[in-house]
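Trainee: Let the hints inform the model, and build the full structure from the sequences given.
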Amino acid sequence: MTPLLQVKGIEKRYGARIGCTDVNFDLYPGEVMGIVGESGSGKSTLLNCMAGHLEPDAGQVIFDTRVDGPVDTVTMSEPERRMLGRTDWAFVHQHARDGLRMSVSAGGNIGERLMAVGDRHYGDIRDKAIDWLGRVEIDEARVDDRPSAFSGGMQQRLQIARNLVTGPRLVFMDEPTGGLDVSVQARLLDLLRGLVREMGLSAIIVTHDLAVVRLLADRLMVMKNGHVVEAGLTDQVLDDPQHAYTQLLVSSVLQV
Amino acid sequence: MSEYNFAYLDEQTKRMIRRAILKGLAVPGYQVPFASREMPMPYGWGTGGVQVSAATLTPDDTFKVIDQGADDTTNAVSIRKFFENTARVATTEETEKATVIQTRHRIPEAKLREDQIIVYQVPIPEPLRFLEPRETETRKMHSLEEYGLMHVKLYEDISQHGAISTAYAYPVKVSGRYVMDPSPIPKFDNPKLEMDAIQLFGAGREQRIYAVPPHTKVVSLDFEDYPFEATKADHPCDLCGAEDSYLDEVIMDDAGSRMFVCSDTDYCRSRREAGHVGQLAEENAA
Amino acid sequence: MIELIDVSKSFTLHNQGGVVIPVMEGASLKAEPGECIALTGSSGAGKSTLMRVIYGNYLAASGQVLVGGVDVAKAEPRQILSLRRDTLGYVSQFLRVVPRVPTLDVVAEPLLAVGCDNEAARGKAAGLLERLNIRERLWTLSPTTFSGGEQQRVNIARGFAHDYPAMLLDEPTASLDAQNRETVLSLIEEAKHRGAAIVGIFHDLEARERVCDREVNVSDFTPGLAA
Numbered sequence: 001m002t003p004l005l006q007v008k009g010i011e012k013r014y015g016a017r018i019g020c021t022d023v024n025f026d027l028y029p030g031e032v033m034g035i036v037g038e039s040g041s042g043k044s045t046l047l048n049c050m051a052g053h054l055e056p057d058a059g060q061v062i063f064d065t066r067v068d069g070p071v072d073t074v075t076m077s078e079p080e081r082r083m084l085g086r087t088d089w090a091f092v093h094q095h096a097r098d099g100l101r102m103s104v105s106a107g108g109n110i111g112e113r114l115m116a117v118g119d120r121h122y123g124d125i126r127d128k129a130i131d132w133l134g135r136v137e138i139d140e141a142r143v144d145d146r147p148s149a150f151s152g153g154m155q156q157r158l159q160i161a162r163n164l165v166t167g168p169r170l171v172f173m174d175e176p177t178g179g180l181d182v183s184v185q186a187r188l189l190d191l192l193r194g195l196v197r198e199m200g201l202s203a204i205i206v207t208h209d210l211a212v213v214r215l216l217a218d219r220l221m222v223m224k225n226g227h228v229v230e231a232g233l234t235d236q237v238l239d240d241p242q243h244a245y246t247q248l249l250v251s252s253v254l255q256v
Numbered sequence: 001m002s003e004y005n006f007a008y009l010d011e012q013t014k015r016m017i018r019r020a021i022l023k024g025l026a027v028p029g030y031q032v033p034f035a036s037r038e039m040p041m042p043y044g045w046g047t048g049g050v051q052v053s054a055a056t057l058t059p060d061d062t063f064k065v066i067d068q069g070a071d072d073t074t075n076a077v078s079i080r081k082f083f084e085n086t087a088r089v090a091t092t093e094e095t096e097k098a099t100v101i102q103t104r105h106r107i108p109e110a111k112l113r114e115d116q117i118i119v120y121q122v123p124i125p126e127p128l129r130f131l132e133p134r135e136t137e138t139r140k141m142h143s144l145e146e147y148g149l150m151h152v153k154l155y156e157d158i159s160q161h162g163a164i165s166t167a168y169a170y171p172v173k174v175s176g177r178y179v180m181d182p183s184p185i186p187k188f189d190n191p192k193l194e195m196d197a198i199q200l201f202g203a204g205r206e207q208r209i210y211a212v213p214p215h216t217k218v219v220s221l222d223f224e225d226y227p228f229e230a231t232k233a234d235h236p237c238d239l240c241g242a243e244d245s246y247l248d249e250v251i252m253d254d255a256g257s258r259m260f261v262c263s264d265t266d267y268c269r270s271r272r273e274a275g276h277v278g279q280l281a282e283e284n285a286a
Numbered sequence: 001m002i003e004l005i006d007v008s009k010s011f012t013l014h015n016q017g018g019v020v021i022p023v024m025e026g027a028s029l030k031a032e033p034g035e036c037i038a039l040t041g042s043s044g045a046g047k048s049t050l051m052r053v054i055y056g057n058y059l060a061a062s063g064q065v066l067v068g069g070v071d072v073a074k075a076e077p078r079q080i081l082s083l084r085r086d087t088l089g090y091v092s093q094f095l096r097v098v099p100r101v102p103t104l105d106v107v108a109e110p111l112l113a114v115g116c117d118n119e120a121a122r123g124k125a126a127g128l129l130e131r132l133n134i135r136e137r138l139w140t141l142s143p144t145t146f147s148g149g150e151q152q153r154v155n156i157a158r159g160f161a162h163d164y165p166a167m168l169l170d171e172p173t174a175s176l177d178a179q180n181r182e183t184v185l186s187l188i189e190e191a192k193h194r195g196a197a198i199v200g201i202f203h204d205l206e207a208r209e210r211v212c213d214r215e216v217n218v219s220d221f222t223p224g225l226a227a
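Chains as they are written, first to last, in this note's numbering: chain R, 1 to 256; chain Z, 1 to 286; chain W, 1 to 227.
Heads up, simulated DMTMM-like pairs for lysine to aspartate or glutamate below, C-alpha to C-alpha not over 20 Å straight-line: (1) W:Lys74 / W:Glu3; (2) Z:Lys153 / R:Asp127; (3) Z:Lys153 / R:Asp145; (4) Z:Lys153 / R:Asp144; (5) R:Lys128 / Z:Glu224; (6) Z:Lys140 / R:Glu78; (7) W:Lys74 / R:Glu230; (8) Z:Lys153 / R:Asp119; (9) W:Lys74 / R:Asp26.
Hints listed in this document are in silico derivations from the structure and should not be mistaken for laboratory results. Note that the structure is a prediction, hence the values are computed from the model and not measured.
Mentor: This is the structure we're talking about:
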């Protein structure tokens, strides 16, 4: 089986400071990988390098494209990379306002990716938007409301709908549950789990919340100071951490 | 007034603007940046159009200026006088006789010819501005032909008003490539954007010039199930009886009675001179 | 089906002065298809640790942990994931589920994961819940709100939903009444009958004697405890 994503020797420096370095892994179709680490560990830098938002200083991010097979997305042309970003890739931001157009209705937000890939039938676009509102548990009566009138949890679900409407194969998520109430988090996680299974999505989730990765991720990568210090099966890394930093991280979680 | 250079601007500036115009004609619909000059009028009064006209006019030209289709409004009169003073070119109110027409918010009803140039005053040249405020991002969207966002605006129109309510500055795709703001002309005028004359667009404050060469394909954006419609008030002109021209609605008194008249004053006048009579004109004559 | 060869396990506590605690040495055992092995030994001898090493939840320090031909001690995460999906079942003592998911879906999930169609999966799940006396009106609710005994039975139903060729059972009959205990024991017997290799921890002596073919004393693998 060909990996969906092969990350090879990714490095990003900010001057003399290391953003992330020597990151290598393969992600297979249907796999969900978590990246954990404290603030400043380089996990968001890594995510942005992989998603094409930052240009890495070294390394390859090879994606198995539908038409041409595995292609290095770091060296592919910008139009091709942006096209991937609208079709086979999706990016869920921590803050919904970074991933939504706040002045555009919920339906327009969901429809944008469809129109970006050439859908030109209003009725079809609207039907798909309403279908997706239902899938992320937002009342279809809200289709013409702007996201500024939505709660934080609804905004985040709308962002997910907007991203998944074109049936991407790989979803990047940056702290998708950050800043949400615990009860809203649980609902969102449940929803994401369902969508990941149902659509056969592969996902890379950056978070500092170990409960989130235990619930969502098959695999885990632990980062510290820009380096991957430990990687493996999620429950193995969390229950039998090998590296000093992972042990500290796991033992630092507050017990309820 | 011998102290003014021909058409106010110095020759170097006109050369710079002509280069921008030529580039604009070579890449239809592409917004060419140019070093817009201070003009002796405020922004929003046609500083972009005036600079393009100044760089386009020759001493042999006949110049016409319209504002909302009319030759006799403040903006039109002052710009016409400006070039009478600084270029001493002939001016006219007749579309047929003009070689260069500067316009704000309208395209004349009469079909323009290959030997004519029409210059549009543009307030905001960027059609994507409404939804994407970052200039760096809109430039990238143009260069990569990512125009999905333009349809989001039309989608919003339909979802909120049941139809595409954008009535002016209706976005078009030029020559199958660039999406362009045709300046705030009514969408009734959009079909006329495919014409025989040269079309030049000048945005002074935003420092952009763009152009549509003669016989260029210009398509108004729409949805399959909500096709583009060039709408106008469903009424004939009350003065000349024209059924095919774009109309202004004029409130007549405090009781709310109203009349519809051609917004193109020259078109209306020439029709009346040819003997056409509208409903109100008949009543007045009676 | 399940074979351990000279497996050791130790914990290194980096944050407590790098203390290394060896918990298992020279662990070897073999469970053939249709065979049930009981792990015995005093509390703390490492029965649960051994089970976790087999499941891949704990990383073996050395040796081989072969399940269905895959060496769990060295396998890639995705190999272990596919092993857990298709081959190796684990009934733990505690039910761990996502909130809000209905009981019937919780039980049917392992079947859906191996590609069973929705109707058949739910049918089988319903049958198991019925055998384990979970009232039908609870099926649409999340088990997170159930009593401890009910959760344990849901957990067992889930563990036996897919016919795994290899199974790990951690005190499957603990805290069950006589009737449900009987049901669980027959589920184990049925699994053996269809050829599953089972390794389990049974504190319930009677149950152990009824379903287990052999015992392996984990104390033999405990450093410092072995005779």
